[in-house]
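**Student:** Please work from the sequences and hints to get the whole structure.
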Amino acid sequence: MSRSTPIAQTYDLLTSLLALNPSTVELVPGDGSSWISQNAGTSYEPFLFVENNLGIPQKILYSVYLHAVGVFNTALRKHPPQTSNVTEALIASSSVLILANPSHQTALNTRKQLVREEKIDPCRELQFIASLLPSHHCAKHAELWYHRRWLLSIAHTPRQVAIQSNTEIVSSDTLLDIAPDSLRPELDLTARACELYPRNYFAWTHRLICTRSLLRIATTFPEERDKIISMLRCEIAEIKRWIEYHVSDYSAVHYITTLVQCLHQANHSFLRDTIKDAGLFGHASSLVRAYPDHESLWMYARTSFLESDPHSQELMERFLGEARSMSEQSNGNLGGNAASQCHEHAQRYLSRKWQVC
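Numbering follows numbering that gives the first Met the number 0, with no gaps: position 353 of the sequence shown is 352.
Any given hint could turn out to be false.
[As the list claims (entries may be wrong)] Pairs of lysine-lysine, BS3-like flavour, derived with a Cα cap of 27 Å:
hint, residue 1, residue 2
1, Lys58, Lys139
2, Lys226, Lys239
3, Lys226, Lys275
4, Lys111, Lys77
5, Lys275, Lys239
[As the list claims (entries may be wrong)] What follows is a list of derived Cβ distance ranges for each label pair:
hint, residue 1, residue 2, range
6, Phe269, Leu65, 55 to 61 Å
7, Ala18, Ser268, 49 to 55 Å
8, Ser22, Asn266, 38 to 44 Å
9, Ala178, Thr105, 28 to 34 Å
10, Pro5, Tyr196, 20 to 26 Å
11, Arg198, Asp11, 34 to 40 Å
In case anyone wonders, no lab produced these hints; they're calculated from the structure.
Virtual Cβ for every residue (Gly too), placed ideally from N, Cα, C.
**Tutor:** In C-alpha coordinates, the structure reads:
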(Lines of atoms letter the chains of each structure in order from A and count residues from 1; the text may use other names and numbers.)
(Lines give C-alpha, C1' and ligand atoms only; values in the text may rest on other atoms or scores of the structure.)
Protein backbone atom coordinates (compact mmCIF):
# COMPACT_ATOMS: atom_id res chain seq x y z
CA MET A 1 0.00 0.00 0.00
CA SER A 2 1.42 3.40 -0.92
CA ARG A 3 1.18 6.56 1.10
CA SER A 4 -1.43 7.89 -1.34
CA THR A 5 -3.82 5.05 -0.48
CA PRO A 6 -7.39 6.33 -0.01
CA ILE A 7 -8.56 6.70 3.58
CA ALA A 8 -11.16 3.95 3.20
CA GLN A 9 -8.47 1.42 2.29
CA THR A 10 -6.25 2.55 5.15
CA TYR A 11 -9.25 2.17 7.45
CA ASP A 12 -9.86 -1.38 6.20
CA LEU A 13 -6.21 -2.29 6.78
CA LEU A 14 -6.23 -0.88 10.31
CA THR A 15 -9.43 -2.66 11.31
CA SER A 16 -8.11 -5.95 9.90
CA LEU A 17 -4.93 -5.57 11.98
CA LEU A 18 -6.91 -4.75 15.13
CA ALA A 19 -9.08 -7.82 14.50
CA LEU A 20 -5.94 -9.96 14.81
CA ASN A 21 -5.77 -9.00 18.52
CA PRO A 22 -2.17 -7.76 18.52
CA SER A 23 -0.17 -8.21 21.72
CA THR A 24 0.41 -4.46 22.00
CA VAL A 25 -0.94 -1.39 20.22
CA GLU A 26 1.00 1.85 20.45
CA LEU A 27 0.60 5.27 18.86
CA VAL A 28 3.75 6.88 17.52
CA PRO A 29 4.30 10.52 16.57
CA GLY A 30 3.96 11.77 13.03
CA ASP A 31 2.78 10.05 9.86
CA GLY A 32 5.08 7.04 9.87
CA SER A 33 7.34 8.35 7.13
CA SER A 34 10.45 7.54 9.18
CA TRP A 35 9.83 3.80 8.94
CA ILE A 36 7.91 3.71 5.65
CA SER A 37 11.12 4.53 3.79
CA GLN A 38 12.87 1.67 5.60
CA ASN A 39 10.07 -0.85 5.05
CA ALA A 40 8.81 0.27 1.65
CA GLY A 41 6.56 -2.23 -0.07
CA THR A 42 5.39 -4.10 3.03
CA SER A 43 1.75 -5.14 3.10
CA TYR A 44 1.15 -3.25 6.38
CA GLU A 45 2.18 0.20 5.18
CA PRO A 46 1.62 2.86 6.65
CA PHE A 47 1.45 0.79 9.87
CA LEU A 48 4.21 -1.15 11.56
CA PHE A 49 3.27 -4.71 12.46
CA VAL A 50 6.14 -6.78 13.85
CA GLU A 51 5.83 -9.97 15.91
CA ASN A 52 2.17 -9.21 16.61
CA ASN A 53 2.96 -5.70 17.90
CA LEU A 54 1.16 -2.88 16.11
CA GLY A 55 2.49 0.65 15.70
CA ILE A 56 0.10 3.32 14.41
CA PRO A 57 1.17 6.82 13.31
CA GLN A 58 -0.95 9.43 15.11
CA LYS A 59 -1.65 11.46 11.98
CA ILE A 60 -2.83 8.35 10.14
CA LEU A 61 -5.10 7.33 13.03
CA TYR A 62 -6.81 10.69 13.27
CA SER A 63 -7.46 10.82 9.53
CA VAL A 64 -8.91 7.29 9.68
CA TYR A 65 -10.93 8.26 12.77
CA LEU A 66 -13.06 10.69 10.77
CA HIS A 67 -13.88 7.92 8.31
CA ALA A 68 -14.68 5.53 11.18
CA VAL A 69 -17.14 8.02 12.70
CA GLY A 70 -19.16 7.99 9.48
CA VAL A 71 -19.12 4.20 9.23
CA PHE A 72 -20.09 3.83 12.90
CA ASN A 73 -22.98 6.31 12.77
CA THR A 74 -24.39 4.75 9.61
CA ALA A 75 -24.23 1.24 11.09
CA LEU A 76 -25.63 2.40 14.43
CA ARG A 77 -28.76 3.75 12.74
CA LYS A 78 -29.37 0.26 11.36
CA HIS A 79 -28.90 -1.48 14.72
CA PRO A 80 -30.20 -4.01 15.60
CA PRO A 81 -28.77 -5.18 12.28
CA GLN A 82 -30.60 -7.23 9.70
CA THR A 83 -27.34 -8.42 8.13
CA SER A 84 -23.94 -9.50 9.39
CA ASN A 85 -22.36 -6.67 7.40
CA VAL A 86 -23.87 -4.11 9.78
CA THR A 87 -22.53 -5.98 12.81
CA GLU A 88 -19.08 -6.23 11.25
CA ALA A 89 -19.15 -2.50 10.49
CA LEU A 90 -20.03 -1.70 14.11
CA ILE A 91 -17.28 -3.94 15.47
CA ALA A 92 -14.63 -2.61 13.09
CA SER A 93 -15.50 1.09 13.35
CA SER A 94 -15.93 1.04 17.14
CA SER A 95 -12.45 -0.48 17.54
CA VAL A 96 -10.97 2.53 15.73
CA LEU A 97 -13.08 4.98 17.75
CA ILE A 98 -11.94 3.44 21.04
CA LEU A 99 -8.32 3.39 19.91
CA ALA A 100 -8.45 7.10 19.05
CA ASN A 101 -10.62 8.01 22.05
CA PRO A 102 -10.52 5.35 24.80
CA SER A 103 -13.31 7.17 26.69
CA HIS A 104 -15.77 7.00 23.75
CA GLN A 105 -18.84 5.90 25.72
CA THR A 106 -21.09 5.28 22.73
CA ALA A 107 -18.54 2.97 21.13
CA LEU A 108 -17.92 1.13 24.42
CA ASN A 109 -21.64 0.75 25.12
CA THR A 110 -22.24 -0.51 21.59
CA ARG A 111 -19.60 -3.17 22.05
CA LYS A 112 -21.20 -4.14 25.39
CA GLN A 113 -24.50 -4.59 23.58
CA LEU A 114 -22.83 -6.72 20.91
CA VAL A 115 -21.33 -8.88 23.66
CA ARG A 116 -24.79 -9.34 25.18
CA GLU A 117 -26.12 -10.28 21.74
CA GLU A 118 -23.25 -12.79 21.40
CA LYS A 119 -21.93 -10.98 18.33
CA ILE A 120 -18.61 -10.32 20.13
CA ASP A 121 -16.96 -13.07 22.14
CA PRO A 122 -16.16 -11.61 25.60
CA CYS A 123 -12.82 -13.44 25.79
CA ARG A 124 -11.70 -11.94 22.47
CA GLU A 125 -12.89 -8.55 23.65
CA LEU A 126 -10.76 -8.97 26.78
CA GLN A 127 -7.78 -9.65 24.51
CA PHE A 128 -8.53 -6.50 22.51
CA ILE A 129 -8.77 -4.32 25.62
CA ALA A 130 -5.62 -5.95 27.03
CA SER A 131 -3.72 -4.83 23.93
CA LEU A 132 -4.83 -1.22 24.51
CA LEU A 133 -4.46 -0.72 28.26
CA PRO A 134 -0.66 -1.11 28.46
CA SER A 135 -0.25 1.61 25.80
CA HIS A 136 0.68 5.12 26.84
CA HIS A 137 -2.36 6.48 25.00
CA CYS A 138 -4.93 4.33 26.83
CA ALA A 139 -3.49 3.42 30.22
CA LYS A 140 -5.13 6.23 32.19
CA HIS A 141 -8.72 6.07 30.93
CA ALA A 142 -11.17 5.02 33.67
CA GLU A 143 -13.86 4.01 31.16
CA LEU A 144 -11.58 1.42 29.58
CA TRP A 145 -10.73 -0.13 32.95
CA TYR A 146 -14.42 -0.27 33.88
CA HIS A 147 -15.22 -1.86 30.51
CA ARG A 148 -12.63 -4.54 31.27
CA ARG A 149 -14.17 -5.32 34.67
CA TRP A 150 -17.58 -5.60 33.04
CA LEU A 151 -16.14 -8.04 30.50
CA LEU A 152 -14.53 -10.12 33.25
CA SER A 153 -17.88 -10.44 35.00
CA ILE A 154 -19.44 -11.62 31.72
CA ALA A 155 -16.63 -13.90 30.55
CA HIS A 156 -16.31 -15.89 33.78
CA THR A 157 -19.20 -17.98 35.02
CA PRO A 158 -19.90 -16.93 38.61
CA ARG A 159 -19.93 -19.45 41.39
CA GLN A 160 -23.07 -19.19 43.49
CA VAL A 161 -22.05 -17.70 46.82
CA ALA A 162 -23.97 -16.27 49.71
CA ILE A 163 -23.57 -12.54 50.29
CA GLN A 164 -21.46 -12.06 53.37
CA SER A 165 -21.80 -9.19 55.82
CA ASN A 166 -18.12 -8.24 55.54
CA THR A 167 -18.67 -4.82 53.96
CA GLU A 168 -14.97 -4.01 54.20
CA ILE A 169 -14.32 -6.54 51.46
CA VAL A 170 -17.48 -6.22 49.35
CA SER A 171 -18.11 -3.10 47.30
CA SER A 172 -20.41 -2.13 44.43
CA ASP A 173 -17.68 -2.44 41.77
CA THR A 174 -16.23 -5.87 42.42
CA LEU A 175 -15.07 -8.98 40.60
CA LEU A 176 -16.79 -11.50 42.84
CA ASP A 177 -16.59 -15.23 42.22
CA ILE A 178 -13.82 -15.09 39.59
CA ALA A 179 -11.21 -17.82 39.94
CA PRO A 180 -7.83 -16.70 41.32
CA ASP A 181 -6.02 -17.95 38.20
CA SER A 182 -8.15 -15.55 36.13
CA LEU A 183 -7.22 -12.60 38.34
CA ARG A 184 -3.45 -13.12 38.16
CA PRO A 185 -3.27 -11.76 34.56
CA GLU A 186 -5.11 -8.65 35.76
CA LEU A 187 -2.35 -7.91 38.26
CA ASP A 188 0.23 -8.33 35.51
CA LEU A 189 -1.74 -6.02 33.21
CA THR A 190 -1.97 -3.25 35.80
CA ALA A 191 1.76 -3.55 36.47
CA ARG A 192 2.51 -2.85 32.80
CA ALA A 193 0.05 0.05 32.72
CA CYS A 194 1.52 1.58 35.87
CA GLU A 195 5.01 1.48 34.40
CA LEU A 196 3.72 3.95 31.81
CA TYR A 197 1.88 6.08 34.39
CA PRO A 198 3.41 5.47 37.86
CA ARG A 199 0.59 7.52 39.45
CA ASN A 200 -2.13 5.77 37.45
CA TYR A 201 -5.03 5.94 39.92
CA PHE A 202 -7.43 3.98 37.70
CA ALA A 203 -5.01 1.10 37.15
CA TRP A 204 -4.30 0.88 40.88
CA THR A 205 -8.06 0.94 41.56
CA HIS A 206 -8.50 -1.98 39.17
CA ARG A 207 -5.71 -3.82 40.96
CA LEU A 208 -7.32 -3.17 44.36
CA ILE A 209 -10.68 -4.47 43.14
CA CYS A 210 -8.92 -7.64 41.98
CA THR A 211 -7.18 -8.20 45.31
CA ARG A 212 -10.40 -7.51 47.22
CA SER A 213 -11.98 -10.22 45.12
CA LEU A 214 -9.17 -12.55 46.20
CA LEU A 215 -9.99 -11.77 49.84
CA ARG A 216 -13.62 -12.54 49.21
CA ILE A 217 -12.77 -15.88 47.58
CA ALA A 218 -10.39 -16.80 50.41
CA THR A 219 -13.11 -16.29 53.01
CA THR A 220 -15.79 -18.08 50.98
CA PHE A 221 -13.98 -21.05 49.43
CA PRO A 222 -11.60 -22.73 51.93
CA GLU A 223 -10.13 -24.93 49.19
CA GLU A 224 -8.71 -21.80 47.52
CA ARG A 225 -7.21 -20.40 50.73
CA ASP A 226 -3.62 -21.61 50.40
CA LYS A 227 -3.33 -20.45 46.80
CA ILE A 228 -4.70 -17.00 47.63
CA ILE A 229 -2.48 -16.54 50.69
CA SER A 230 0.50 -17.31 48.45
CA MET A 231 -0.76 -14.79 45.87
CA LEU A 232 -1.27 -12.12 48.54
CA ARG A 233 2.21 -12.60 49.93
CA CYS A 234 3.69 -12.31 46.44
CA GLU A 235 1.53 -9.26 45.82
CA ILE A 236 2.70 -7.47 48.96
CA ALA A 237 6.33 -8.30 48.16
CA GLU A 238 5.90 -6.99 44.62
CA ILE A 239 4.32 -3.73 45.79
CA LYS A 240 7.09 -3.23 48.34
CA ARG A 241 9.61 -3.48 45.50
CA TRP A 242 7.51 -1.11 43.41
CA ILE A 243 7.47 1.55 46.13
CA GLU A 244 11.24 1.24 46.51
CA TYR A 245 11.61 2.29 42.87
CA HIS A 246 8.73 4.81 42.86
CA VAL A 247 8.98 6.57 46.22
CA SER A 248 6.69 9.43 45.15
CA ASP A 249 3.86 7.23 43.89
CA TYR A 250 0.91 8.12 46.12
CA SER A 251 -1.39 5.73 44.25
CA ALA A 252 0.86 2.75 45.01
CA VAL A 253 1.08 3.72 48.69
CA HIS A 254 -2.69 4.20 48.84
CA TYR A 255 -3.10 0.76 47.29
CA ILE A 256 -0.95 -1.10 49.79
CA THR A 257 -2.31 0.81 52.79
CA THR A 258 -5.91 0.10 51.71
CA LEU A 259 -5.07 -3.55 51.11
CA VAL A 260 -3.48 -3.77 54.56
CA GLN A 261 -6.57 -2.24 56.15
CA CYS A 262 -8.81 -4.74 54.33
CA LEU A 263 -6.66 -7.63 55.57
CA HIS A 264 -6.68 -6.26 59.11
CA GLN A 265 -10.44 -5.66 59.16
CA ALA A 266 -11.28 -9.09 57.77
CA ASN A 267 -12.54 -11.32 60.54
CA HIS A 268 -10.11 -14.11 59.69
CA SER A 269 -6.83 -14.73 61.49
CA PHE A 270 -5.15 -16.26 58.44
CA LEU A 271 -5.56 -12.93 56.59
CA ARG A 272 -4.33 -10.84 59.51
CA ASP A 273 -1.31 -13.13 59.82
CA THR A 274 -0.40 -12.21 56.25
CA ILE A 275 0.21 -8.63 57.43
CA LYS A 276 2.34 -9.69 60.38
CA ASP A 277 4.60 -11.70 58.11
CA ALA A 278 5.03 -8.84 55.62
CA GLY A 279 7.24 -6.59 57.77
CA LEU A 280 5.59 -3.49 56.34
CA PHE A 281 6.45 -1.11 59.15
CA GLY A 282 10.14 -2.00 59.01
CA HIS A 283 10.06 -1.54 55.25
CA ALA A 284 8.24 1.80 55.44
CA SER A 285 10.44 3.21 58.18
CA SER A 286 13.62 2.25 56.29
CA LEU A 287 12.34 4.11 53.22
CA VAL A 288 11.47 7.18 55.30
CA ARG A 289 15.02 7.23 56.66
CA ALA A 290 16.40 7.05 53.12
CA TYR A 291 13.95 9.54 51.55
CA PRO A 292 12.53 11.67 54.42
CA ASP A 293 11.27 14.47 52.15
CA HIS A 294 8.69 12.23 50.39
CA GLU A 295 5.28 12.58 52.01
CA SER A 296 3.96 9.39 50.40
CA LEU A 297 6.44 7.33 52.44
CA TRP A 298 5.35 8.99 55.70
CA MET A 299 1.77 8.03 54.83
CA TYR A 300 2.96 4.46 54.24
CA ALA A 301 4.77 4.46 57.61
CA ARG A 302 1.72 5.80 59.46
CA THR A 303 -0.67 3.13 58.20
CA SER A 304 1.81 0.27 58.59
CA PHE A 305 2.48 1.55 62.14
CA LEU A 306 -1.20 1.11 63.01
CA GLU A 307 -1.41 -2.35 61.47
CA SER A 308 1.98 -3.65 62.65
CA ASP A 309 2.62 -6.55 64.99
CA PRO A 310 2.65 -5.39 68.65
CA HIS A 311 5.85 -7.42 69.10
CA SER A 312 7.65 -4.81 66.97
CA GLN A 313 7.20 -2.24 69.75
CA GLU A 314 10.94 -1.61 70.05
CA LEU A 315 11.23 -0.88 66.33
CA MET A 316 8.23 1.44 66.51
CA GLU A 317 9.58 3.38 69.49
CA ARG A 318 12.95 3.82 67.81
CA PHE A 319 11.33 5.20 64.68
CA LEU A 320 9.13 7.55 66.71
CA GLY A 321 12.26 8.92 68.34
CA GLU A 322 13.81 9.49 64.91
CA ALA A 323 10.63 11.20 63.71
CA ARG A 324 10.69 13.54 66.71
CA SER A 325 14.30 14.37 65.95
CA MET A 326 13.44 15.13 62.31
CA SER A 327 10.51 17.30 63.36
CA GLU A 328 12.73 19.39 65.64
CA GLN A 329 15.68 20.02 63.36
CA SER A 330 16.64 20.17 59.71
CA ASN A 331 18.33 17.16 58.16
CA GLY A 332 21.89 18.14 57.30
CA ASN A 333 21.91 15.78 54.32
CA LEU A 334 19.05 17.64 52.64
CA GLY A 335 18.81 20.99 50.93
CA GLY A 336 16.80 23.85 52.41
CA ASN A 337 13.46 23.06 50.74
CA ALA A 338 13.80 19.29 51.22
CA ALA A 339 14.74 19.79 54.89
CA SER A 340 11.67 21.96 55.39
CA GLN A 341 9.47 19.29 53.79
CA CYS A 342 11.03 16.61 55.98
CA HIS A 343 10.30 18.75 59.07
CA GLU A 344 6.64 19.20 58.02
CA HIS A 345 6.12 15.52 57.19
CA ALA A 346 7.62 14.40 60.51
CA GLN A 347 5.41 16.79 62.48
CA ARG A 348 2.34 15.63 60.58
CA TYR A 349 3.28 12.00 61.18
CA LEU A 350 3.62 12.52 64.92
CA SER A 351 0.30 14.35 65.16
CA ARG A 352 -1.57 11.63 63.24
CA LYS A 353 0.32 8.46 64.07
CA TRP A 354 -2.72 6.95 65.77
CA GLN A 355 -5.11 7.82 62.95
CA VAL A 356 -5.87 5.64 59.96
CA CYS A 357 -5.01 7.35 56.64
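**Student:** Checking one constraint from the list: CA of Lys226 to CA of Lys239, max 27 Å. Satisfied?
**Tutor:** Satisfied, since the Cα-Cα distance of roughly 20 Å is no more than 27 Å.
**Student:** Quick one: are Ala178 and Thr105 within 28 to 34 Å, going by C-beta?
**Tutor:** holds (32 Å)
**Student:** Within 49 to 55 Å or not, the Cβ separation of Ala18 and Ser268?
**Tutor:** Given a distance of about 50 Å, which is inside 49 to 55 Å, the answer is holds.
**Student:** Run the distance test for Lys58 versus Lys139: straight-line Cα separation, threshold 27 Å.
**Tutor:** holds (21 Å)
**Student:** Between Pro5 and Tyr196, is the Cβ distance one that fits in 20 to 26 Å?
**Tutor:** Distance hint for Pro5, Tyr196 is violated at roughly 36 Å.
**Student:** The hint says 34 to 40 Å between Arg198 and Asp11; measuring C-beta to C-beta, is that right?
**Tutor:** For Asp11 against Arg198, whose Cβ atoms are near 38 Å apart, the range 34 to 40 Å holds.
**Student:** Measure nothing beyond the straight line between the CA atoms of Lys111 and Lys77; if it is 27 Å or shorter, mark the hint as holding.
**Tutor:** With a Cα-Cα distance of about 17 Å, the restraint between Lys111 and Lys77 holds, given a limit of 27 Å.
**Student:** Holds or violated: 55 to 61 Å for the Cβ distance of Phe269 and Leu65?
**Tutor:** holds (56 Å)
**Student:** Given the range 38 to 44 Å, decide if the beta-carbon distance of Ser22 to Asn266 lies inside it.
**Tutor:** holds (42 Å)
**Student:** Would you check the hint for Lys226 and Lys275, treating anything up to 27 Å between C-alpha atoms as holding?
**Tutor:** Holds. Lys226 to Lys275 sits at ~18 Å (cutoff 27 Å).
**Student:** Are the Cα positions of Lys275 and Lys239 separated by 27 Å at most?
**Tutor:** Distance of about 14 Å is within 27 Å: holds.
Hint violations for this structure: number 10 only, all remaining hints satisfied.
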